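Student: Each chain is listed here by its residues.
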Amino acid sequence: MTEERNDGEAPESVANATRGLAWEEPLLFERSRPGRTGYSLPDLDVPDADPAAALPADWLRDDLPGLPELSEVEVVRHFTRLSTWNAAVDLGLYPLGSCTMKYNPKVNEALSRLPGFAAAHPLQPPALAQGFLELCWRLERALAEISGMDRVTLQPAAGAQGELAGIMMIRAYHEHRSEKRSIVLVPDSAHGTNPASAALNDYRVVAIPSGQDGILHPDAVAAAMTPEVAALMITNPNTLGLFETHIAEICEIVHAGGGLVYGDGANLNALLGIARPGDLGIDVMHFNLHKTFSTPHGGGGPGAGPVGVKNVLAPYLPVPAVRKREGSEGAGFTLDYEFPRSIGRLHANFGNVGMFVRAWAYLRSLGPDGLRRCAEMAVLNANYLLARLRGEWHVPIDRPVMHECVLSDHGLKATGVTTLDVAKRLIDYGYHPPTVYFPLIVHGALMIEPTESEPREGLDQFVAALSAIAAEARSDPDRVRTAPHRTRHGRLDETRAARRPVLRWQPERSDS
Amino acid sequence: MTGDLPRFIPHTADDVREMLAAIGVADLDALFACVPDKLRLGRALDLPRAASEQEVVRELAELAARNANAESHPWFLGAGVYAHYVPAAVHALASRAEFYTAYTPYQPEISQGTLQTIFEWQTMVCALTGLDVSNASLYDGASAAAEAVLLALRATRRSRVVVAHGLHPHYGDVLRSYLRALGTRLEWLPRGADGRSAPVAPALDDETACVVVQSPSFLGPVQDLRAAAEAAHARGALLVVVVTEPLSLGLLRAPGELGADVVCGEAQSFGVPMSFGGPALGFLATRERFLRQLPGRLAGETVDARGRRGFVLTLATREQHIRREKATSNICTNQGLCLLYATIYLALLGRVGLRKLARINYAKAEYLKRRVRETRGLSLPLAAPGFHELVVGVPDSGAAALERALDAGIVGGLDLAGHEPELGPALLVCTTELATRASIDRLVDRLADRP
Chain X
1 MTEERNDGEA PESVANATRG LAWEEPLLFE RSRPGRTGYS LPDLDVPDAD
51 PAAALPADWL RDDLPGLPEL SEVEVVRHFT RLSTWNAAVD LGLYPLGSCT
101 MKYNPKVNEA LSRLPGFAAA HPLQPPALAQ GFLELCWRLE RALAEISGMD
151 RVTLQPAAGA QGELAGIMMI RAYHEHRSEK RSIVLVPDSA HGTNPASAAL
201 NDYRVVAIPS GQDGILHPDA VAAAMTPEVA ALMITNPNTL GLFETHIAEI
251 CEIVHAGGGL VYGDGANLNA LLGIARPGDL GIDVMHFNLH KTFSTPHGGG
301 GPGAGPVGVK NVLAPYLPVP AVRKREGSEG AGFTLDYEFP RSIGRLHANF
351 GNVGMFVRAW AYLRSLGPDG LRRCAEMAVL NANYLLARLR GEWHVPIDRP
401 VMHECVLSDH GLKATGVTTL DVAKRLIDYG YHPPTVYFPL IVHGALMIEP
451 TESEPREGLD QFVAALSAIA AEARSDPDRV RTAPHRTRHG RLDETRAARR
501 PVLRWQPERS DS
Chain E
513 MTGDLPRFIP HTADDVREML AAIGVADLDA LFACVPDKLR LGRALDLPRA
563 ASEQEVVREL AELAARNANA ESHPWFLGAG VYAHYVPAAV HALASRAEFY
613 TAYTPYQPEI SQGTLQTIFE WQTMVCALTG LDVSNASLYD GASAAAEAVL
663 LALRATRRSR VVVAHGLHPH YGDVLRSYLR ALGTRLEWLP RGADGRSAPV
713 APALDDETAC VVVQSPSFLG PVQDLRAAAE AAHARGALLV VVVTEPLSLG
763 LLRAPGELGA DVVCGEAQSF GVPMSFGGPA LGFLATRERF LRQLPGRLAG
813 ETVDARGRRG FVLTLATREQ HIRREKATSN ICTNQGLCLL YATIYLALLG
863 RVGLRKLARI NYAKAEYLKR RVRETRGLSL PLAAPGFHEL VVGVPDSGAA
913 ALERALDAGI VGGLDLAGHE PELGPALLVC TTELATRASI DRLVDRLADR
963 P
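Read top to bottom, the protein sequences are chains X and E. Sequential numbering of the first sequence, starting at 1, is according to the working numbering. Sequential numbering of the second sequence, starting at 513, is according to the working numbering.
Derived from the structure by calculation, the hints contain no laboratory data. Don't take every hint at face value.
Here are the computed lysine-lysine pairs in the DSSO-like style, where the Cα-Cα straight-line distance is at most 30 angstroms [stated by the list, open to error]:
hint, chain 1, residue 1, chain 2, residue 2
1, E, Lys550, X, Lys310
2, E, Lys838, X, Lys180
3, E, Lys881, E, Lys868
4, X, Lys310, X, Lys324
5, X, Lys180, X, Lys310
Okay, the calculated bits of chain X under chain E, using three or more residues with CB under 8 angstroms as the criterion [claimed, not checked]:
hint, region
6, 29-38
7, 236-246
Stretch-level coverage of chain E by chain X, calculated; a stretch enters the list once three of its residues show a Cβ under 8 angstroms from a Cβ in chain X [what the hints assert, rightly or not]:
hint, region
8, 556-570
9, 865-878
Computed from a predicted model, the values in this text were never measured in an experiment. The C-beta atom is built at its ideal place from N, Cα and C for all residues, glycine as well.
Chain X extracted, bound-state conformation (with noise of 0.2 angstroms):
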């Protein structure tokens, strides 16, 4: 081992992180010992009764083995141990392009965990709930006015679903007029949530070719143009980073052919208080609250997607919607279910409602000018990366970008270093890498999106860590392309995991 930690070490000037003790950890089935518990339970106050007296002992469980038997202790030595082996952004930079990995604030944790937010049921009865509709009211209002929207639902519980819901109420509209429409047009820059949502709502996916500039061009949409066009999706800026700068033009073929735009809300970030996709033409959005709005990504999730739409879509808006009763009615807020257009329900509540208390805390603390200085900053930081990364790497549409740039591994193709192998090299440097391989249509991509979270020093020394891994890729390309060398694990084999799915622990294997 000690070779290979000589060999794998990257240079202290420039490294974001050193070695630590790794905590060893096996999982709480191999840790589980009979008899342990982690958890008190109060006597029983009223009389014990036996299930059997009621219910056919077939359909009674008589013992759990899968669950293990911890004490406390060891439950909470166990996830403070895996904590440990997670990058994150309260550690560092984590730039994954179209992620938006921006800091979340600890007041807005603090405020989601207030009781009559936290411990309060979708089912209680409006009256009793007078608070969170009326954050829901405010939220929903704060994000049509950031987008130039009309109305906006908070329902949908992620961007993909947020996507899901757009499509949906498209779908209902062009029904409502009694026509037929069965394609949905879809850059070949997209994020494949696009596609995949379109196609769940029985549409034909065309993807459209993005111009040598990396924008798409109103010819291209005008060729792939047909009354069977639905809609055409599209994200600006798009996941090269750029700003789609014929947005408005292209909006415009849509709608005389009688199809309508869907905008993807991913890269918002770098528009707020800019300009705003109601303005550009766009009829329907997602917003990601937990992008844009600083929700935390949870580890995968859960993110929020709600959605924003103009007026000619707003009859088909998902139901519940939040109503501020007006003059003889009464003061207050109330839910309204009255839409007999509506594509119905998209969650089993109100959406995730925990986030919305986040990014309206969120937008409180910044006010108009703090949103339009995230994006400024946010651009500022990614064309200063780009603009100190150029000289050393490819940059395959070298453009002033939006929030994001995207460089590729085209440099170092006599080198035989791969993108994935400057992505796990970033890690021995203490960063988590940079979205790779997207967009699809730039080879080798590496898409980063700093977001205006990093200081400027932070900045440099990644672009540092950049710059010593593009002269190793040429001095000793074995040390890059087999990194990462300083975590816990090297690098995993995913392809046996494909190959030969275990997806569960189960005693006998462990045993042999």
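Assemble chain E onto chain X, guided by the hints.
Tutor: Just chain E, lined up with the frame of chain X:
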């Protein structure tokens, strides 16, 4: 920017000036030159001005204070979202920022904490459901039920779905929304006299992809899963079992052992705050042979370059970021943080604790039943046994009974007038371990309109 810099953004005026110089542009506005002038907003957003941290806390605390909740009131309202005690260790561990400020574990070498937790969750879900494979969570129970039906439609290449009586009405709504575009035929079975669903067998045909049975049902009764499984399998259909109260699986036999092919639902009960119903925790498990049809993320075991065990996201060729329009689902983010809550919770309760807790919940409901039986004016319209939730007939109207309970500070349940009017004036009442004998007695008195 007026006033102080936002505390979440580190850039000083000097930083900005030097960075602009390095980029080679004159000012911040020039960074946005790619946004055509006519598309710019050209004014400040019309939003309330920024508030300090203490002002934000005051404002939101004031909003929170206007919501009744299970810490301020004795709580008998369930119907798919349940008030349970959550051990302090759950919050303490799930609040570690290494977990909650990470994202989807795309880079396994620095995401083993999240990945191992998912693997442990998948193992626990398999144990509870009696099935072979579980995914890493879905948005909530309703979308999990919809995804389960989509799985069955793909796996059987059939186009009809039979839904047993007792599916949570909101789940039914979500199912309709998800299936509308696909032209799937949905058939809804009526309620049997004892509260369980009418038998499924007569409704099946050779075009039926699956039978969906919620157990315990929305109204409380435990359903006959074995009969449903036999009927479904006889026609080549799958049995999808929906569970909205997974704590019941501490008492009830694993649905997979009774013949279920897919078990899905809501796992909020396992330590996740109710939080007005979200974020929730959808789960979905199935048999090995439907593995390639699973929606959502999956963690799998493998080894690293040094031969050491580790975990990765696997079988991604099912997913939207690889397969795009041919993916099994459009889902990208899941409910990773809620999954963490549930895994910690189940680790604390464990093999014995979960069964004991389930029995406590059952015993409280049996006590409530006894008290209802003894009380003039109240009734038990449904005879079939349940878990911790039951229909209570009240003398006048559900709304009036709930109002009386609330006058005594009690949130008494769900008025069924909008859901099952043919039951007469009735409430759906849930007793978890949080319900004390005294609060149950008080509730019974108020529902019966006794002082």
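Student: State for each hint whether it applies.
Tutor: For each hint, the structure was consulted:
1. E/Lys550 to X/Lys310: At roughly 20 angstroms apart (the allowed maximum being 30 angstroms), X/Lys310 and E/Lys550 satisfy the hint.
2. E/Lys838 to X/Lys180: 22 angstroms, holds
3. E/Lys881 to E/Lys868: 20 angstroms, holds
4. X/Lys310 to X/Lys324: Holds, at about 20 angstroms.
5. X/Lys180 to X/Lys310: 21 angstroms, holds
6. 29-38: This one holds; 5 residues, not fewer than the three required, reach chain E with a Cβ under 8 angstroms.
7. 236-246: holds (count 3)
8. 556-570: holds (count 12)
9. 865-878: Our answer is that it holds, as 11 residues pass the Cβ test (under 8 angstroms) against chain X, meeting three.
Of the hints listed earlier, there is not a single one the structure fails to meet.
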